[in-house]
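A.B. asks: Here is what each chain is made of, one letter per residue.
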Amino acid sequence: QQQVKQSPQSLIVQKGGISIINCAYENTAFDYFPWYQQFPGKGPALLIAIRPDVSEKKEGRFTISFNKSAKQFSLHIMDSQPGDSATYFCAASAPPGGTSYDKVIFGPGTSLSVIP
Amino acid sequence: DAGVTQSPTHLIKTRGQQVTLRCSPKSGHDTVSWYQQALGQGPQFIFQYYEEEERQRGNFPDRFSGHQFPNYSSELNVNALLLGDSALYLCASSLVTGSHEQYFGPGTRLTVT
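Sequence order for the protein chains is A and B.
Take 2 as the starting number for the first sequence in the working numbering and just add one per residue.
Take 7 as the starting number for the second sequence in the working numbering and just add one per residue.
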């Protein structure tokens, strides 16, 4: 129940295309869903996050779509650029009172390559 | 405004030895969490410190221990190192009254031989 599933494991997209990464969770106590971007040799960087009271959040070229009933959420990267090539992690966290509070539970990651 | 800093950057230890990793949180943050990231995997939560106390713990053995100082900086100690402890160790800081947002440092790459 603590797992966050993520697919695909790897993704190759042409420059200018749309990159889509999907995640799913089981624990309905999760109330915060961040996405992290990680470059080789670096720590994960918070990209964008959403709470389950909204179905979509957009920041620049990055959009999170959230489906509470299906317990799924996804990251869309519009106009993908070679500089977006990195590993992307979806994650989830829960509010105070539960065993998952503030533990960020990460998915296994998606390696994105954007080719020119 | 300094972000999360960690030291050292890289470390090589021998099986059975002990190691201490250090973390300074982002300015204004009071909570520090530690994660272990094996090669090709997502980070795994080790534990979290707030007000110098361990507040949450993941599925890691007692060989992993930590400490938080009054200035909010933190240490991660690992005793009796195993080859499987080789990983990137990440520190993340946040505000206890904040919105769950955790900011990660660059990590310490630990290699156990």
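Since the hints were derived computationally from the structure, they do not count as laboratory data.
Remember, it's a predicted structure, so these values are computed and weren't measured experimentally.
Ideal placement from N, C-alpha and C gives every residue a C-beta, glycine not left out.
It is possible that part of the hints are untrue.
Unchecked claim - Some, not all, of what chain A presents toward chain B, calculated at C-beta under 7 angstroms:
no.	residue
1	Ala25
2	Lys104
3	Pro109
Unchecked claim - With a straight-line Cα cutoff of 20 angstroms, these simulated SDA-like cross-link-like pairs (lysine to any residue) come out:
no.	chain 1	residue 1	chain 2	residue 2
4	A	Lys43	B	Lys32
5	A	Lys69	B	His106
6	A	Lys6	B	Gly46
7	A	Lys43	B	Pro14
8	A	Lys58	A	Gln10
9	A	Lys72	B	Pro14
10	B	Lys19	B	Tyr109
11	A	Lys43	B	Asn65
12	B	Lys32	A	Lys58
13	A	Lys6	A	Ile49
14	A	Lys43	B	Leu87
15	A	Lys58	B	Gly64
16	B	Lys32	A	Asn23
17	A	Lys58	B	Asn65
18	A	Lys6	B	Gln47
19	A	Lys6	B	His16
20	A	Lys43	B	Gly9
21	A	Lys69	B	Gly9
22	A	Lys6	B	Arg115
23	A	Lys43	B	Phe66
24	A	Lys6	B	Gly9
25	A	Lys6	A	Gln82
26	A	Lys43	B	Tyr109
27	B	Lys32	A	Leu48
28	A	Lys16	B	Leu45
29	A	Lys58	B	Gly90
30	A	Lys6	B	Ser13
31	A	Lys6	B	Gln12
32	A	Lys43	B	Ser92
33	B	Lys32	A	Arg62
A.B. asks: Are the hints correct? Go through all of them and say.
C.D. replies: We went through each hint and held it up to the structure:
1. Ala25: Since the shortest Cβ distance to chain B is 14 angstroms, the answer is violated.
2. Lys104: 4 angstroms, holds
3. Pro109: 5 angstroms, holds
4. Lys43/A with Lys32/B: 16 angstroms, holds
5. Lys69/A with His106/B: Satisfied, since the Cα-Cα distance of roughly 19 angstroms is no more than 20 angstroms.
6. Lys6/A with Gly46/B: With Cα atoms ~15 angstroms apart, Lys6/A and Gly46/B stay inside 20 angstroms; holds.
7. Lys43/A with Pro14/B: Judged against 20 angstroms, a Cα distance of about 14 angstroms means the pair holds.
8. Lys58/A with Gln10/A: Measuring from Cα to Cα gives roughly 23 angstroms; hence the hint is violated.
9. Lys72/A with Pro14/B: 39 angstroms, violated
10. Lys19/B with Tyr109/B: 27 angstroms, violated
11. Lys43/A with Asn65/B: 24 angstroms, violated
12. Lys32/B with Lys58/A: Answer violated: Lys32/B to Lys58/A is near 26 angstroms, above 20 angstroms.
13. Lys6/A with Ile49/A: 18 angstroms, holds
14. Lys43/A with Leu87/B: 23 angstroms, violated
15. Lys58/A with Gly64/B: 30 angstroms, violated
16. Lys32/B with Asn23/A: Status violated; Cα separation ~30 angstroms.
17. Lys58/A with Asn65/B: Violated. Lys58/A to Asn65/B sits at ~32 angstroms, over the 20 angstroms cutoff.
18. Lys6/A with Gln47/B: 12 angstroms, holds
19. Lys6/A with His16/B: Between Lys6/A and His16/B the Cα gap is close to 30 angstroms, so the pair fails against 20 angstroms, i.e. violated.
20. Lys43/A with Gly9/B: Distance of about 13 angstroms is within 20 angstroms: holds.
21. Lys69/A with Gly9/B: It is violated: about 33 angstroms lies between the C-alpha atoms, which goes past 20 angstroms.
22. Lys6/A with Arg115/B: Distance of about 26 angstroms is beyond 20 angstroms: violated.
23. Lys43/A with Phe66/B: 23 angstroms, violated
24. Lys6/A with Gly9/B: Given that 20 angstroms is the threshold and the Cα spacing comes to 29 angstroms, the pair is violated.
25. Lys6/A with Gln82/A: It is violated: about 25 angstroms lies between the C-alpha atoms, which goes past 20 angstroms.
26. Lys43/A with Tyr109/B: Holds - the C-alpha atoms of Tyr109/B and Lys43/A are around 12 angstroms apart, at most 20 angstroms.
27. Lys32/B with Leu48/A: It holds: about 17 angstroms lies between the C-alpha atoms, which stays within 20 angstroms.
28. Lys16/A with Leu45/B: 27 angstroms, violated
29. Lys58/A with Gly90/B: 39 angstroms, violated
30. Lys6/A with Ser13/B: Status violated; Cα separation ~31 angstroms.
31. Lys6/A with Gln12/B: 29 angstroms, violated
32. Lys43/A with Ser92/B: Answer holds: Lys43/A to Ser92/B is near 16 angstroms, not above 20 angstroms.
33. Lys32/B with Arg62/A: Violated, because 27 angstroms separates the two Cα atoms, which is more than 20 angstroms.
The structure shown violates the earlier hints numbered 1, 8, 9, 10, 11, 12, 14, 15, 16, 17, 19, 21, 22, 23, 24, 25, 28, 29, 30, 31 and 33.
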